[in-house]
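A.B. asks: Starting from the given sequences, assemble the full structure and let the hints guide the process.
Chain order of the listed sequences is A and B. Going by my numbering, the first residue of the first sequence is number 1, and it counts up by one from there. Going by my numbering, the first residue of the second sequence is number 581, and it counts up by one from there.
FYI, nobody ran anything at the bench for these hints, they're computed from the structure. Fair warning: this is a prediction, and the values are worked out from it, not measured in the lab. We treat Cβ as the ideally placed atom computed from N, Cα and C, and that holds for glycine.
With the C-beta cut set under 8 Å, the calculated list includes, among others, these residues of chain B facing chain A:
1. P625
2. Q628
3. P638
4. E639
5. A640
6. H641
7. R643
8. S647
One-letter residues, chain by chain:
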Amino acid sequence: MPEIFIDNKRFEYEEPGKVLQFMLDNGLDLPFFCYHPSLSIPANCRQCIVKAGMPVFDREKGTFEVDENGDRVIRFFPKLMTACSLDLADGMVIHTHHTDELVKQAQADNLEFILINHPLDCPICDQAGECPLQILTYKYGPEGSRFEHKKVHKPKAIQLGPRVILDAERCINCTRCVRFTDEVSKTHQLTIISRGDKNYPMTANGQTFDDPYSLNTVDICPVGALTSADFRFRARVWEMNQTPSVDITNGKGSSTWLWTRDNLVLRVTPRFNEAVNDHWMPDAGRLAYRKFNENRVSRPHLRPDDSEQVRTSWNNAQLTVLEEIEKVDADDILIIGSPHASVEDNYSLRAFFSSKGVSKFYFVPHVVPGSGDGFLISDDQAPNTNGVRALEFEEINDKKLIKLIETGKPKLIVILDDDLIGRTSLTMDHLKQSWTVVMATNHSETTRAANLVIPVTTAAEHTASYVNVDGRIQRTVPAKETLYTNRRLNLEMSMGRLDHYGTKFDNWVSDSNRVDCIPAWEFLVRLDADRDTPEWVSSRQILDEIADSHPAFTGVTYERMDDENGIQLKLEQVSEAKTV
Amino acid sequence: MAETYTFDAKDLAEIKKLIEKYPEKQAAVLPVLWYAQDKFGHSDPSVQKLVSETLDVPEAHIRGVVSFYTQYYEKPIGRNVLDVCTCLSCHVSGGYDMLHYLEERLGIKAGETTPDGEFSLQSVECLGACGYAPMLQVTNDKFVNHLTREKIDKLLEDLRAGKEPEFESNPMPQHQKES
Numbered sequence: 001m002p003e004i005f006i007d008n009k010r011f012e013y014e015e016p017g018k019v020l021q022f023m024l025d026n027g028l029d030l031p032f033f034c035y036h037p038s039l040s041i042p043a044n045c046r047q048c049i050v051k052a053g054m055p056v057f058d059r060e061k062g063t064f065e066v067d068e069n070g071d072r073v074i075r076f077f078p079k080l081m082t083a084c085s086l087d088l089a090d091g092m093v094i095h096t097h098h099t100d101e102l103v104k105q106a107q108a109d110n111l112e113f114i115l116i117n118h119p120l121d122c123p124i125c126d127q128a129g130e131c132p133l134q135i136l137t138y139k140y141g142p143e144g145s146r147f148e149h150k151k152v153h154k155p156k157a158i159q160l161g162p163r164v165i166l167d168a169e170r171c172i173n174c175t176r177c178v179r180f181t182d183e184v185s186k187t188h189q190l191t192i193i194s195r196g197d198k199n200y201p202m203t204a205n206g207q208t209f210d211d212p213y214s215l216n217t218v219d220i221c222p223v224g225a226l227t228s229a230d231f232r233f234r235a236r237v238w239e240m241n242q243t244p245s246v247d248i249t250n251g252k253g254s255s256t257w258l259w260t261r262d263n264l265v266l267r268v269t270p271r272f273n274e275a276v277n278d279h280w281m282p283d284a285g286r287l288a289y290r291k292f293n294e295n296r297v298s299r300p301h302l303r304p305d306d307s308e309q310v311r312t313s314w315n316n317a318q319l320t321v322l323e324e325i326e327k328v329d330a331d332d333i334l335i336i337g338s339p340h341a342s343v344e345d346n347y348s349l350r351a352f353f354s355s356k357g358v359s360k361f362y363f364v365p366h367v368v369p370g371s372g373d374g375f376l377i378s379d380d381q382a383p384n385t386n387g388v389r390a391l392e393f394e395e396i397n398d399k400k401l402i403k404l405i406e407t408g409k410p411k412l413i414v415i416l417d418d419d420l421i422g423r424t425s426l427t428m429d430h431l432k433q434s435w436t437v438v439m440a441t442n443h444s445e446t447t448r449a450a451n452l453v454i455p456v457t458t459a460a461e462h463t464a465s466y467v468n469v470d471g472r473i474q475r476t477v478p479a480k481e482t483l484y485t486n487r488r489l490n491l492e493m494s495m496g497r498l499d500h501y502g503t504k505f506d507n508w509v510s511d512s513n514r515v516d517c518i519p520a521w522e523f524l525v526r527l528d529a530d531r532d533t534p535e536w537v538s539s540r541q542i543l544d545e546i547a548d549s550h551p552a553f554t555g556v557t558y559e560r561m562d563d564e565n566g567i568q569l570k571l572e573q574v575s576e577a578k579t580v
Numbered sequence: 581m582a583e584t585y586t587f588d589a590k591d592l593a594e595i596k597k598l599i600e601k602y603p604e605k606q607a608a609v610l611p612v613l614w615y616a617q618d619k620f621g622h623s624d625p626s627v628q629k630l631v632s633e634t635l636d637v638p639e640a641h642i643r644g645v646v647s648f649y650t651q652y653y654e655k656p657i658g659r660n661v662l663d664v665c666t667c668l669s670c671h672v673s674g675g676y677d678m679l680h681y682l683e684e685r686l687g688i689k690a691g692e693t694t695p696d697g698e699f700s701l702q703s704v705e706c707l708g709a710c711g712y713a714p715m716l717q718v719t720n721d722k723f724v725n726h727l728t729r730e731k732i733d734k735l736l737e738d739l740r741a742g743k744e745p746e747f748e749s750n751p752m753p754q755h756q757k758e759s
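C.D. replies: Below, the structure is given as structure tokens:
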């Protein structure tokens, strides 16, 4: 197998590749700014320079030349090489800053150049705390600046587009953002303008940077030059807790991080997942933080008679639902599952009402034809359409739904988290004929039409799984506390630096940000009051039960989803099972 | 920008010839921008847009190219651009004297354009003609060497009359001996 010697240690490699990526894969450190594994390699920051050489091969003897000690004679490249663009070669010898003074000095000098015109405004910069320039300067940089002249000034706080703000002075011209729009989003909206110390990224004259993936440039910017208009000055990076999750605004289900502070989700960023979204996510998915924080249903809302909805207790809500179920025949109950709700919630809805004798379960897919782009934005607007399908809910369109309501005259309608009135041609009048229960995360036109609204948790508050358009099941982890959860007791929830080291006044102080809601499955378990022990105490149990009973979900567990970044389901199995 | 710029059929035929010289359209950006600047006198955003549409190259890329090279004018500029060298060799041979004389004659400062749009005056760094200092360059083209006041007077007169300066051959001393 070909071998390479890095800092006098021998490594073997199989696939051809670049030295920098090979070192990163093997856990070795080397500073760099412009390199990004998913973009082309311009080698323009010059920060990953190393000393590289090849053994001298004696063609006549057919062997490598050796010196008096029996070691191979190495002929080094006359100048330092950028490791990001240097191909691995059999027998290659690399010296990094760990073993070579020249490399160490060169890296420090290069950083000094990069920092010459960089404003040292880290205390007010959003990037501080997650800034490669800050980190690498700390690790490899010079201790102080010798530059005594006035720095070059460039435009600051330019609104490049609706979501991205540019601070040109902070830019180190790594061109990651330009390459992103050229190679990944392919809108070609950015370029570097001007020359020398005056250059910075910019759009064409009069164009706005309205790329549907524009915020990814903020993520990959190695300095604070590009910042998010939404998140700007909202929080310091180290004050937030970071929790893995899934994008619930879109059928693609990009893997995400939720960043929380004081029980509010402050931003959503992509999480690397090779099988789904690589390093990227659409801008629309990042707006989900508003769905998690704003306009939430808190505490059950009941409409006695025809009056306004009033808040009521959980006990009353449970008893009222049970009463209404008792009142009517199983055939007069219409159950509508939701592609916006998780696999677990839909399953428990089906399980509970099956036990009450209901046999038909429906759902309305939320697909907007033509809204997708074939990349990370799908036509499907819901995160779990395939999951509901795999649980054998019958797929109907809104016309069929209206027909069901108009002809079937159901006396009780149960809608799982889905704004049917808001997104389909269903109207309030259709629901007025029946007693309607809506389990919802946010207030919507549908909740306003309901007789009873049960507040349920969002993807930011519960552990649950979602099946994306490609049939990949992924799960969320609670990031935000409800009134009934506590991140010190629920060991799945992440704790941040301030949780560990801050006083109680530093963080998570506003109880008003905790929503009075429970997972939908938990409400259904509570309804089943006849049992001595609850059917399920966690969504994990529900998923285990689904895995045992549904062939499509065989072998699916939360542990596997975590380890493998989601599991590809074989959804054909479902259709086969149907035909049998 | 009230004025809209277009290429006519003859221009497009010329541009097609330029494009065919290169394996990729992007490579033709520089010559096509030259062609456009020759025709319109500058490469302002509407010209950039025209070039971008003609070549099917992203507009942002064209802007990057135009702003990189000082020879492309990002704003409308005088018909004749006088780039007076004030770098070291020209400076010691009286480059600034020539610049100030031009400022006096045209009634404008360096970096400005005469109200009639005839001349723009710029003070530039070395143009690589130190042997013939002091010198200036006319609109990215001919060098006018060994400047004197008389020579400048004549140059302005010629340019006003629409006459381009002649190419001056200044052979190196060693080459003069040979001939």
